[in-house]
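Residue numbers (my numbering), protein chains in the order written: chain Y, 1065 to 1363; chain R, 1065 to 1363; chain U, 1065 to 1363; chain X, 1065 to 1363.
One should not assume that every hint holds.
What the hints assert, rightly or not - Each computed DSS-like pair below joins lysine-lysine, with the alpha-carbon atoms no more than 27 Å apart:
{"id": "1", "chain 1": "X", "residue 1": "K1202", "chain 2": "U", "residue 2": "K1076"}
{"id": "2", "chain 1": "U", "residue 1": "K1193", "chain 2": "U", "residue 2": "K1076"}
{"id": "3", "chain 1": "X", "residue 1": "K1219", "chain 2": "U", "residue 2": "K1202"}
{"id": "4", "chain 1": "Y", "residue 1": "K1193", "chain 2": "Y", "residue 2": "K1076"}
{"id": "5", "chain 1": "Y", "residue 1": "K1193", "chain 2": "Y", "residue 2": "K1219"}
{"id": "6", "chain 1": "X", "residue 1": "K1076", "chain 2": "U", "residue 2": "K1219"}
{"id": "7", "chain 1": "Y", "residue 1": "K1202", "chain 2": "R", "residue 2": "K1219"}
{"id": "8", "chain 1": "U", "residue 1": "K1076", "chain 2": "X", "residue 2": "K1076"}
{"id": "9", "chain 1": "U", "residue 1": "K1193", "chain 2": "U", "residue 2": "K1219"}
{"id": "10", "chain 1": "Y", "residue 1": "K1219", "chain 2": "Y", "residue 2": "K1076"}
{"id": "11", "chain 1": "X", "residue 1": "K1076", "chain 2": "U", "residue 2": "K1202"}
{"id": "12", "chain 1": "Y", "residue 1": "K1219", "chain 2": "R", "residue 2": "K1076"}
{"id": "13", "chain 1": "R", "residue 1": "K1076", "chain 2": "R", "residue 2": "K1202"}
{"id": "14", "chain 1": "X", "residue 1": "K1076", "chain 2": "X", "residue 2": "K1202"}
{"id": "15", "chain 1": "X", "residue 1": "K1076", "chain 2": "X", "residue 2": "K1219"}
{"id": "16", "chain 1": "R", "residue 1": "K1076", "chain 2": "R", "residue 2": "K1193"}
{"id": "17", "chain 1": "X", "residue 1": "K1219", "chain 2": "X", "residue 2": "K1193"}
{"id": "18", "chain 1": "U", "residue 1": "K1202", "chain 2": "U", "residue 2": "K1076"}
{"id": "19", "chain 1": "R", "residue 1": "K1219", "chain 2": "R", "residue 2": "K1193"}
{"id": "20", "chain 1": "R", "residue 1": "K1219", "chain 2": "Y", "residue 2": "K1193"}
{"id": "21", "chain 1": "R", "residue 1": "K1219", "chain 2": "Y", "residue 2": "K1076"}
{"id": "22", "chain 1": "Y", "residue 1": "K1076", "chain 2": "R", "residue 2": "K1202"}
Claimed, not checked - Label-pair ranges, simulated between beta-carbon atoms:
{"id": "23", "chain 1": "R", "residue 1": "L1113", "chain 2": "Y", "residue 2": "R1115", "range": "32 to 40 Å"}
{"id": "24", "chain 1": "R", "residue 1": "P1145", "chain 2": "Y", "residue 2": "A1107", "range": "48 to 56 Å"}
{"id": "25", "chain 1": "Y", "residue 1": "L1231", "chain 2": "U", "residue 2": "D1284", "range": "44 to 52 Å"}
{"id": "26", "chain 1": "U", "residue 1": "I1240", "chain 2": "Y", "residue 2": "E1258", "range": "45 to 53 Å"}
{"id": "27", "chain 1": "Y", "residue 1": "R1115", "chain 2": "R", "residue 2": "K1193", "range": "30 to 38 Å"}
{"id": "28", "chain 1": "Y", "residue 1": "D1160", "chain 2": "R", "residue 2": "P1145", "range": "54 to 62 Å"}
{"id": "29", "chain 1": "Y", "residue 1": "R1162", "chain 2": "X", "residue 2": "D1294", "range": "25 to 33 Å"}
{"id": "30", "chain 1": "Y", "residue 1": "D1090", "chain 2": "R", "residue 2": "S1095", "range": "55 to 63 Å"}
Stated by the list, open to error - One side only, chain X facing chain U, incomplete, derived with CB under 10 Å:
{"id": "31", "residue": "A1196"}
{"id": "32", "residue": "A1197"}
{"id": "33", "residue": "S1198"}
{"id": "34", "residue": "P1204"}
{"id": "35", "residue": "A1209"}
By construction, these hints were calculated from the structure, which means they are not laboratory data. In this text, all values refer to a predicted model and were calculated from it rather than measured experimentally. Here a beta-carbon is modelled for each residue, glycine too, at the ideal position from N, C-alpha and C.
There are 4 protein chains.
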Amino acid sequence: MAETGHFAALWKRLAERLGLVVDCIDSDWRSGVDAREIGRRLAADSGHLIRAVCVVHNETSTGITSDIAAVRQAIDACNHPALLMVDTVSSIGSIDYRHDEWGVDVTIAGSQKGLMLPPGLGFNAISQKAIAASRHAKLPRAFWAWDEMLAANEKGYWPTTPSTNLLYGLAEALDILEEEGLGAVLARHVRHGEATRRAVQAWGLELLVMPESTPGQHHDAAALRRLILDRFHMSLGTGLGRLAGRVFRIGHLGYFNDLSLVGTLGGVEMGLAAAGLPHRRGGVQAAVDYLSATDPGSH
Amino acid sequence: MAETGHFAALWKRLAERLGLVVDCIDSDWRSGVDAREIGRRLAADSGHLIRAVCVVHNETSTGITSDIAAVRQAIDACNHPALLMVDTVSSIGSIDYRHDEWGVDVTIAGSQKGLMLPPGLGFNAISQKAIAASRHAKLPRAFWAWDEMLAANEKGYWPTTPSTNLLYGLAEALDILEEEGLGAVLARHVRHGEATRRAVQAWGLELLVMPESTPGQHHDAAALRRLILDRFHMSLGTGLGRLAGRVFRIGHLGYFNDLSLVGTLGGVEMGLAAAGLPHRRGGVQAAVDYLSATDPGSH
Amino acid sequence: MAETGHFAALWKRLAERLGLVVDCIDSDWRSGVDAREIGRRLAADSGHLIRAVCVVHNETSTGITSDIAAVRQAIDACNHPALLMVDTVSSIGSIDYRHDEWGVDVTIAGSQKGLMLPPGLGFNAISQKAIAASRHAKLPRAFWAWDEMLAANEKGYWPTTPSTNLLYGLAEALDILEEEGLGAVLARHVRHGEATRRAVQAWGLELLVMPESTPGQHHDAAALRRLILDRFHMSLGTGLGRLAGRVFRIGHLGYFNDLSLVGTLGGVEMGLAAAGLPHRRGGVQAAVDYLSATDPGSH
Amino acid sequence: MAETGHFAALWKRLAERLGLVVDCIDSDWRSGVDAREIGRRLAADSGHLIRAVCVVHNETSTGITSDIAAVRQAIDACNHPALLMVDTVSSIGSIDYRHDEWGVDVTIAGSQKGLMLPPGLGFNAISQKAIAASRHAKLPRAFWAWDEMLAANEKGYWPTTPSTNLLYGLAEALDILEEEGLGAVLARHVRHGEATRRAVQAWGLELLVMPESTPGQHHDAAALRRLILDRFHMSLGTGLGRLAGRVFRIGHLGYFNDLSLVGTLGGVEMGLAAAGLPHRRGGVQAAVDYLSATDPGSH
Chain Y
1065 MAETGHFAAL
1075 WKRLAERLGL
1085 VVDCIDSDWR
1095 SGVDAREIGR
1105 RLAADSGHLI
1115 RAVCVVHNET
1125 STGITSDIAA
1135 VRQAIDACNH
1145 PALLMVDTVS
1155 SIGSIDYRHD
1165 EWGVDVTIAG
1175 SQKGLMLPPG
1185 LGFNAISQKA
1195 IAASRHAKLP
1205 RAFWAWDEML
1215 AANEKGYWPT
1225 TPSTNLLYGL
1235 AEALDILEEE
1245 GLGAVLARHV
1255 RHGEATRRAV
1265 QAWGLELLVM
1275 PESTPGQHHD
1285 AAALRRLILD
1295 RFHMSLGTGL
1305 GRLAGRVFRI
1315 GHLGYFNDLS
1325 LVGTLGGVEM
1335 GLAAAGLPHR
1345 RGGVQAAVDY
1355 LSATDPGSH
Chain R
1065 MAETGHFAAL
1075 WKRLAERLGL
1085 VVDCIDSDWR
1095 SGVDAREIGR
1105 RLAADSGHLI
1115 RAVCVVHNET
1125 STGITSDIAA
1135 VRQAIDACNH
1145 PALLMVDTVS
1155 SIGSIDYRHD
1165 EWGVDVTIAG
1175 SQKGLMLPPG
1185 LGFNAISQKA
1195 IAASRHAKLP
1205 RAFWAWDEML
1215 AANEKGYWPT
1225 TPSTNLLYGL
1235 AEALDILEEE
1245 GLGAVLARHV
1255 RHGEATRRAV
1265 QAWGLELLVM
1275 PESTPGQHHD
1285 AAALRRLILD
1295 RFHMSLGTGL
1305 GRLAGRVFRI
1315 GHLGYFNDLS
1325 LVGTLGGVEM
1335 GLAAAGLPHR
1345 RGGVQAAVDY
1355 LSATDPGSH
Chain U
1065 MAETGHFAAL
1075 WKRLAERLGL
1085 VVDCIDSDWR
1095 SGVDAREIGR
1105 RLAADSGHLI
1115 RAVCVVHNET
1125 STGITSDIAA
1135 VRQAIDACNH
1145 PALLMVDTVS
1155 SIGSIDYRHD
1165 EWGVDVTIAG
1175 SQKGLMLPPG
1185 LGFNAISQKA
1195 IAASRHAKLP
1205 RAFWAWDEML
1215 AANEKGYWPT
1225 TPSTNLLYGL
1235 AEALDILEEE
1245 GLGAVLARHV
1255 RHGEATRRAV
1265 QAWGLELLVM
1275 PESTPGQHHD
1285 AAALRRLILD
1295 RFHMSLGTGL
1305 GRLAGRVFRI
1315 GHLGYFNDLS
1325 LVGTLGGVEM
1335 GLAAAGLPHR
1345 RGGVQAAVDY
1355 LSATDPGSH
Chain X
1065 MAETGHFAAL
1075 WKRLAERLGL
1085 VVDCIDSDWR
1095 SGVDAREIGR
1105 RLAADSGHLI
1115 RAVCVVHNET
1125 STGITSDIAA
1135 VRQAIDACNH
1145 PALLMVDTVS
1155 SIGSIDYRHD
1165 EWGVDVTIAG
1175 SQKGLMLPPG
1185 LGFNAISQKA
1195 IAASRHAKLP
1205 RAFWAWDEML
1215 AANEKGYWPT
1225 TPSTNLLYGL
1235 AEALDILEEE
1245 GLGAVLARHV
1255 RHGEATRRAV
1265 QAWGLELLVM
1275 PESTPGQHHD
1285 AAALRRLILD
1295 RFHMSLGTGL
1305 GRLAGRVFRI
1315 GHLGYFNDLS
1325 LVGTLGGVEM
1335 GLAAAGLPHR
1345 RGGVQAAVDY
1355 LSATDPGSH
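Please construct the entire structure, taking both the sequences and the accompanying hints into account.
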């Protein structure tokens, strides 16, 4: 496992609670997975004790995306039989992802981010290799086992009462994605990410952490988030885990367009001013300028 | 475990998939749990190998309710330390149930029946004894463990993304239940159950199974359900498990009133006629007469 | 004008408030328009002072439908130039009506009955003859004039802010009507009318008026309606105008099916019992029997 | 009447269609009503032929607000008995307005602007003097007369089927207004108006008209509006009447907050850039700076 952020850390914790032994590659939570290090560890595992390589595609807690294709190549380069498992909760429907092409064995996704639905649906995409492995797996499981689901799904049914309402929502969400076009959706998220980074740089803030007047000092991100919620009715994401209180997250994922982003960045800039935090004005304008210069309709 | 119906059977299957050894009391699916038999088996278990007694309060597949207080007494009578676990998925909010008073250790419930919500929320009510047992339990688990949930809940939070939308719905559902009054809600379900049985008897149908012209012969419940769905847009419950195709279920649970029941029974009676199945007319009227004679407003 | 009920009376009042002189054919509110009497009055109007014959197609207050084709024939028979104006508020989308075929000059309709929408949209279907007459009409008017609406409609616009939300609803309502099929919709209303009358006769009630124990005595319809609303959450229509307090109306118009009707009649029968009003039981069953015998799906 | 814009012109047209003689004060549609001119005309009307002074409080087509208190003073100054009638369709719930304090006789309002509802409800606030005048008024009318409405309203009823759904919406809208506080709502609209004007000035556009490269030349407002709708899914108001094609309107009325405004202005600035129209960048930032400097929460 590679601990690229809070949700990777939670996945590790989940595995350990199930009694699994985790070989974890640490990180400063500011960069993606190091595929070469994964390759080194697999190459050293001549006894094939490592059963799976687990990577979070996009860390919700930091917005950092890891290179899954590179991980696949690292696994293949040393001819290791480990399964490749990927968490795509915050990338599905917003960042380019290729389960089949990248040879992923188990992809995990959820309904509540790029699919624009309430939380409540989880998805597994699984390879034949993963299914075969599950047949011989020893960990006791019932709800989480795939066999009953696979059997029921063949006839269009479910082994337990499904979340019917969310399934109707899913059908609509997929229509919305198709109407915009998946390519356009993915390009929109890339473009909004860059516009947001330009705003952050214009404000003089550091990406991932709060502005520092002197090194090592941090301002109170929670107080800023509270002020922005009270004053502008906009709820920014909080810092999670080791980043608690030190960062805020500017969401631009899912049902969102250029104007939503400009309004969002306006709320951040006005919030920084209202909180009296050190920053330069002009972030919103930087984003507007970038969005204008790259308007997808102009291509 | 007592196999009183399809969902009790599924619970047994779930336990066995987790590697647990189940001592199961069989049944004809037409009567509730036999508390004396439970008492006998516990009394014979001098080594206290039995860790839990698991009972479904109301079997969704048959409508049969079991006497949980009697099970508690049977456990206490032989001073057995087994936990008492009860599935209340289709009784919560519709049939009188007392977790504390009956000394239940683990109560399981869901959002999609008497709480009048879509599927998606599960509830556990747990005794201190159950919490203590969970601390020493050996079965590997993560999502299903209680510790993280208990810790997060103390501050009003959740260890994972909660189904926020359903929680808003739950607040509304509880308001609706309080507005009618829980006592009135429970009395309504009892009264509707009796009115429905009177309709079934008036039609000359057998409770739980389809009408037989000669012993051993059954009519096709699935065909009747399909006809009623097509013609009256009413979806009756199907027979589950060993009752598949042999029964239909007349639902009167949740957001429902006297007029809904009369309309529902009208659909069944007209469906029986349209299907040409042997029955006597007059079931709807029998229910109307009973409902009139027992109108809750007349007391 | 023919005063066939409360809404015909309101129409007459409206005309008189505008300063028009109304020649009104009275009625006992229990039968439709007398086309022969209309013919007699037109024949006597050799100076063509009568400018329009105004008839309510279906009287919402009584459920009585008038024969518009017969009125047309009566007008034509004496070669009178009067316009034929028809109120179809409670017949549009539920009772067979033919603006063009019956030679109606002005048809008035609304959104809130057979079109299954909230109140808020009014419709005029107008003949070329009516448009020509409007060009020379002297009565001052602005909002009610047709010229601006006709001009704007040609380009798909409106002269004033339209009820956009209801127009979206109207598109959906028309889809719903087409899905069932207009012929099936009309047949359903005829069939439900007959089933309702059979229930009323089975109860021993008089159509249009409340049960009498001695001639001339009436029971309190308002009290019965209140009891049924309180106890069954069903709101029956009240008696209007001269029928206030003496009748109740059993609605079965619009978004409605066999089961809705059985439930509705159940509410009436249980209400009569709860109110202690003299009646025979069995009305619901009479309707169920009739609906079973005439199920549209059996043809 | 004072023709301060398109809707004032429509009101004049409506009056003329009813056969009324209108003494109209013309305007360039760029300034509010001239109360002194009204005073002059009333003073000259020694025979009291003028029955009413009609003013639009806020012209929806131009955003220009007129000084109603000044009009009242002008009427009073010459002791003229004319009624004062005011159209508040786009000011009710968004601009300070005082029917009683300003001595208005008839105030007209609608549901679809500051009350945040769909179109469909119209409101009249009327003085005793207006009611008295209506009793002797000669213009034929029925639906528009007040007597039946006043009589029915006393008992909480309506003379005709009301728009029940919108009345539920109105109750909610009033709750929303009270939650924010009417004073805060009005201050928000003033502040958003100023922020919008600062953006327009920063862009170098002329208020009310489109940018001109050479005097007398206009750019195509309709093309700009179409581009912004296509690209950003934001529908700007069009120029109406004599302003058709020459202006666009930046709406900030009703259910709206600082972030909605920043997003809206972002859409305009990006639209101007995408359309290649001459303008300076920085309008969004000018608004953000102004909003930050005047944040209501900082007082």
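Status of the hints after comparison with the structure:
Using a Cα cut-off of 27 Å, the hinted pair X/K1202 and U/K1076 holds, with the two alpha carbons roughly 19 Å apart. Using a Cα cut-off of 27 Å, the hinted pair U/K1193 and U/K1076 holds, with the two alpha carbons roughly 22 Å apart. Distance restraint check for X/K1219 and U/K1202: the Cα-Cα separation of roughly 36 Å exceeds the 27 Å cut-off, and the hinted pair is therefore not satisfied. For the suggested pair Y/K1193 and Y/K1076, the alpha carbons sit about 22 Å apart, so the restraint of at most 27 Å is met.
For the proposed pair Y/K1193 and Y/K1219, the alpha carbon gap of about 23 Å is at most 27 Å, so the pair holds. Pair hint X/K1076 plus U/K1219 holds up; C-alpha atoms about 24 Å apart against a cutoff of 27 Å. Between Y/K1202 and R/K1219 the CA atoms are separated by roughly 36 Å; this puts the pair beyond 27 Å, and the hint is violated. Annotation: proposed proximity of U/K1076 to X/K1076 is violated, straight-line Cα distance about 31 Å (limit 27 Å).
As the CA atoms of U/K1193 and U/K1219 are separated by approximately 23 Å, the hinted pair is consistent with the 27 Å bound. Our distance criterion of 27 Å between C-alpha atoms is broken by Y/K1219 and Y/K1076, whose separation comes to about 35 Å. With a C-alpha separation of about 19 Å, the suggested pair X/K1076 and U/K1202 falls inside the 27 Å cut-off, and the hint holds. Pair hint Y/K1219 plus R/K1076 holds up; C-alpha atoms about 24 Å apart against a cutoff of 27 Å.
At most 27 Å may separate the alpha-carbon atoms for a hinted pair to count; R/K1076 and R/K1202 meet this at roughly 19 Å. Under the criterion of a C-alpha separation no larger than 27 Å, the hint pairing X/K1076 with X/K1202 is consistent with the structure, at around 19 Å. Under the criterion of a C-alpha separation no larger than 27 Å, the hint pairing X/K1076 with X/K1219 is inconsistent with the structure, at around 35 Å. For the suggested pair R/K1076 and R/K1193, the alpha carbons sit about 22 Å apart, so the restraint of at most 27 Å is met.
The hinted pair formed by X/K1219 and X/K1193 meets the criterion: a straight-line CA distance of about 23 Å does not exceed 27 Å. A distance of roughly 19 Å separates the Cα atoms of U/K1202 and U/K1076; the hinted pair therefore holds under the 27 Å criterion. The suggested pairing of R/K1219 with R/K1193 holds, with an alpha-carbon distance near 23 Å, which does not exceed 27 Å. Only pairs whose Cα atoms come within 27 Å are accepted, and R/K1219 paired with Y/K1193 is rejected, the gap being roughly 42 Å.
With a CA separation close to 24 Å, the supplied pair R/K1219 and Y/K1076 stays within the 27 Å bound. A threshold of 27 Å between alpha carbons decides the hint, and for Y/K1076 with R/K1202 the separation of about 19 Å falls inside it, so the pair holds. In this structure the hint that R/L1113 and Y/R1115 lie 32 to 40 Å apart at CB holds, the actual value being about 33 Å. Checked against the hint of 48 to 56 Å, the pair R/P1145 and Y/A1107 passes, with Cβ atoms roughly 52 Å apart.
For Y/L1231 paired with U/D1284, a C-beta distance near 51 Å keeps the hint of 44 to 52 Å intact. The beta-carbon spacing between U/I1240 and Y/E1258, approximately 46 Å, falls within the hinted interval of 45 to 53 Å. As the Cβ distance of Y/R1115 to R/K1193 is approximately 37 Å, the hint placing it in 30 to 38 Å holds. A beta carbon spacing of about 56 Å between Y/D1160 and R/P1145 agrees with the range 54 to 62 Å that was offered as a hint.
Checking the proposed 25 to 33 Å range against Y/R1162 and X/D1294 shows it holds: the Cβ atoms sit about 31 Å from each other. The given range of 55 to 63 Å is respected by Y/D1090 and R/S1095, whose C-beta atoms sit roughly 60 Å from each other. Below 10 Å, beta-carbon pairs count as interface contacts, and X/A1196 has none with chain U, the closest being about 19 Å; its hint is therefore violated. At a threshold of 10 Å, the smallest CB-CB gap from X/A1197 to chain U is about 17 Å, leaving the interface hint violated.
Interface restraint check for X/S1198: the shortest CB-CB distance to chain U comes to about 13 Å, outside 10 Å, so the restraint is violated. Taking 10 Å as the C-beta cut-off, the interface hint given for X/P1204 holds, the closest approach to chain U being about 5 Å. Because the beta carbon of X/A1209 sits about 7 Å from the nearest beta carbon in chain U, less than 10 Å, this interface hint is met.
Hint check: violations occur at hints 3, 7, 8, 10, 15, 20, 31, 32 and 33; the rest are consistent with the structure.
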